[in-house]
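Take the given structure of chain A and dock chain B to it, following the hints.
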Amino acid sequence: MPEMHPDPALLLEHASGRLAHHLRPIVEAHADLCPECRAALGELAAPGGELLAEAPGEAPPPELWARLQAALEGERRRVPRLPAGAPLPPSALAELPDRVQATWGGILARGARFFVLDRDERSDSLLALAHMPGGRRFPRHTHHGFEHAVVLAGGYEDESGSYDVGDFAVYPPDSDPRPSQGRPAGSSSRSRDRSASTAGAVSSNASQEAEGSAQRIHARGGAFARIRATMRVKRAAKYGFCAGVRIADRKVKKFAREGHRGAILGQVVHNERVVDEMRRLGVATVDALEQASEDTIVFSAHGVPPSFHDRARARGLRVLDTTCPFVYDIHDEAAAALADGAHLVFIGDPRHREVIGYTHDLDPESFHVLLGVEEAREVDWSRYAKVKIFYQTTLNAEEFEELARYIESRVPTTRRADTICYATKENQDAARELARDPEVDLILVIGGRASANTRHLWEICRRDKPSHLIQGADDLDPAWFAGVATVGLTAGASTPDYVVDEVERAVREMAPVAAGEAVAR
Amino acid sequence: MTTAIAQQLPWPGGLVPRPEARPARPARRGRAGEAAAARGKMAAFAARPAAVSTLSDSALLAQIAAGDRAAFQELYERYGGKVLSYVRMLGRDGGASEDVVQEVFLAVWRKAASYRPERGDVPGWLYTITRNKLVDLWRRRDPAESGEEEFDFARMPEPSRGLGSELRLSVHQALAELKEDQRRAVEMAYFGGLTYEETARRLDLPLGTLKSRIRTALMTMRARLQERGEATSEANHA
Chain A
1 MPEMHPDPAL LLEHASGRLA HHLRPIVEAH ADLCPECRAA LGELAAPGGE
51 LLAEAPGEAP PPELWARLQA ALEGERRRVP RLPAGAPLPP SALAELPDRV
101 QATWGGILAR GARFFVLDRD ERSDSLLALA HMPGGRRFPR HTHHGFEHAV
151 VLAGGYEDES GSYDVGDFAV YPPDSDPRPS QGRPAGSSSR SRDRSASTAG
201 AVSSNASQEA EGSAQRIHAR GGAFARIRAT MRVKRAAKYG FCAGVRIADR
251 KVKKFAREGH RGAILGQVVH NERVVDEMRR LGVATVDALE QASEDTIVFS
301 AHGVPPSFHD RARARGLRVL DTTCPFVYDI HDEAAAALAD GAHLVFIGDP
351 RHREVIGYTH DLDPESFHVL LGVEEAREVD WSRYAKVKIF YQTTLNAEEF
401 EELARYIESR VPTTRRADTI CYATKENQDA ARELARDPEV DLILVIGGRA
451 SANTRHLWEI CRRDKPSHLI QGADDLDPAW FAGVATVGLT AGASTPDYVV
501 DEVERAVREM APVAAGEAVA R
Chain B
1 MTTAIAQQLP WPGGLVPRPE ARPARPARRG RAGEAAAARG KMAAFAARPA
51 AVSTLSDSAL LAQIAAGDRA AFQELYERYG GKVLSYVRML GRDGGASEDV
101 VQEVFLAVWR KAASYRPERG DVPGWLYTIT RNKLVDLWRR RDPAESGEEE
151 FDFARMPEPS RGLGSELRLS VHQALAELKE DQRRAVEMAY FGGLTYEETA
201 RRLDLPLGTL KSRIRTALMT MRARLQERGE ATSEANHA
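As you go down the protein sequences, you meet chains A and B in turn. With the numbering used here, the residue at position 268 of the first sequence is 268, and numbering never jumps. With the numbering used here, the residue at position 30 of the second sequence is 30, and numbering never jumps.
Treat the hints as calculated values from the structure; they're not laboratory data. Even glycine gets a Cβ: it sits at the ideal position worked out from N, Cα and C. Among the hints, erroneous ones may be present.
[Stated by the list, open to error] Chain B stretches covered by chain A per the calculated footprint, using a threshold of three residues with CB under 8 Å from any CB of chain A:
#1 76–83
#2 123–136
#3 188–198
#4 211–224
The shape of chain B in the complex, shown without the other chains:
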């Protein structure tokens, strides 16, 4: 089954595990197989000091805030490719995907000092930055924000497969478990490229209703992803 799903994926890079170090969920760290695979992928990319690589994402941000270029490079290596994949996946970049990635990481450099743990995991913080830069790009391209492109959910990435990952609920699965109207709303406006106004029009919902529906859906997804994350870590420790 894993293979079947993998073959459907549009990602040129294939399956690469998530980084091992995730500060807010320490239980997910340290899966040796994943870590090794990740290092293999990144080795081609740039050499980095071994001492840095064991730091959590948030520890890296703290060093970046202090002006540490090596830490910055490490964070870029962990997430630069993922951000690029996401931006390309949305298919509206018109060749500017790399510019978006550059802007995202420039913003990381500028904002590292203001990151606080309450703001959630570093990937979530990065997601907000990435979305901001993407929306900036779209607005530059199309000031009216006509928002014609619909998010193609078939291109959503499957979760990486690693030891115990079959127990984890991926974003894809968490989405699939939502009610149909919630799922479509989240796909279009939260993950995808439609504005909230356009999404509301397509789903024939008042704008306020749409936003509260999306918020509810996101809270549900977050809870399920967290539950599954905990179950996974228990399985890994068993």
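So here's chain A without its partners, still in its complex pose:
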């Protein structure tokens, strides 16, 4: 929601029709993007509305209706021609003159463009739409009157502050085109309006409105405003690593920071970049205990078979154990179930290290690892009097309900372990919520293409919003961001936070292309 609003006096003028002509589309555009100011306009217009509602209402002459119908026919042919993709809100569009020249006014220094929507000779004012590529400055310019602007897409910042979609900016007149003078009157939550006397120019990735006297654009390349063409970015409430992996990650980094050297048994997570990062920190990744030449072996969050602790000790290795407490709970409960005479069923991937941790030390006859009902049908369940079901923690248990029910139907004494980890489900729920957030226009799901949980997040997001599955910032395609103001981010369970951070930085710097321009009035 916008944080910079028109002065209340400006809203009063608009509600009562007194706003300067070229300012109307700007205020309307802001109102389209700002529920607060919509409500304020409604309140200011209410007594007038009451007057209209109470008015007796003489019958208008019938020819008036006929004229109106003829005018509506003309409406069909009225298509305001706008620059491709100009993201003008409908109410602002309705305020535009009938004929708008369909050309950008020019390419200014550094690729900034502007487009004149309306020019009023009488008040010597100008209404323009401006666009700045990401990271570029808008050329220095002067305006003899006030300049008002509303950001329609992306965002920018200048010495007065940072402006995002919907924000309303006011720049006082300056007779001297030195950059220091192009400062808005107020950068607090409400810009001060010095009455609607005159205004001037175009400044940013924003829509500018110039009211009042001469507006000149100087393509001299001075720095008027430092533009940061930003997308707004919203992250899912939960994404990426689960708490267990986060804690493990911190433990290993702390260990490395303290100058220790060690080896991690198996990848911390299934992500090459994390492995590289660990190597840089001085913590190598080994596939077997025997490969470790350091004096400390790190057990990752997935856990290891209990026997590995003994093997490490036997080799004289110290152990840094970052096993997730949830995983330990499953180890404990599996041992208890076995002692109780139950056959164990692990729902999960038999090659996954977490599952190997559970099963490696067990008698192969004492358990099954299953992922689907088809596999379960091949098992002779009549051999088991008791069954206990466990879930690999990175699976969403809800999705394996059919499998669990099948086993229960075959062995009525089946029990499910109550050690379910909800991390994966939480990521999915948060992704769903993000996809349904009306502010979010596009979602990027970050994770490995081979990662099942990442693909699943992608499927959830795609149901509600355009979504792309990417491995990192390099996969971003600028074309995705046309007309996009807010980008939602989520990440699979094996995606480290810094990859999410990189994507967010890249998205924020993404130039709004084509439709993503800022519109000025």
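What follows is chain B alone, placed relative to chain A:
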């Protein structure tokens, strides 16, 4: 008393109730007598499909946004005459009142899709559009906007009289309850045809002070009109 007030009114059409369907204040709907009277007035004007006429103003706007001409006609029938009355009342139209009405409804057609409920009742939204078009007309006529004509408050319409309406505070009454300086400011600049600058000059107030005074006055009026609207609906349901 009702009769006395009615006789003072300048409106050629006499007393016609407000439309029955007001989306944001459903409690005011459905006064049978008013509705019948309104239908009587409008019958002479144009036939319309009965199905449309029960829709609220905002529902009509939604249909207009989808290009529905019948809904557009319905909204025009509800408010076209009222807009015309208001424009004529201001007495500066120089024969262009009907042009203003046409521009207002053309704008309604263009802007219907952008109307949102937070923007308040449809009549308020219409008022802003009407004022914009009126001011455009005045500016075309007089680029300097000398703003000599003062709003003649005596020509303000009285509220329509209907079942329970004696309980309702009309705009006229809400205005009368304002402090004198607030009332004059609202009459001149908000309802009337003076610019804010000219109003400030006449009331010898700084422009900023004038605008904040008018805003305060409008908030007070709105609150009173709303309170009375609620009281009326309770009386109607009693």
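Exercise for review: Kindly indicate which numbered hints from before are broken by the structure, ordering the numbers from low to high.
Suggested key: Checked against the structure, no hint fails, so every one of them is satisfied.
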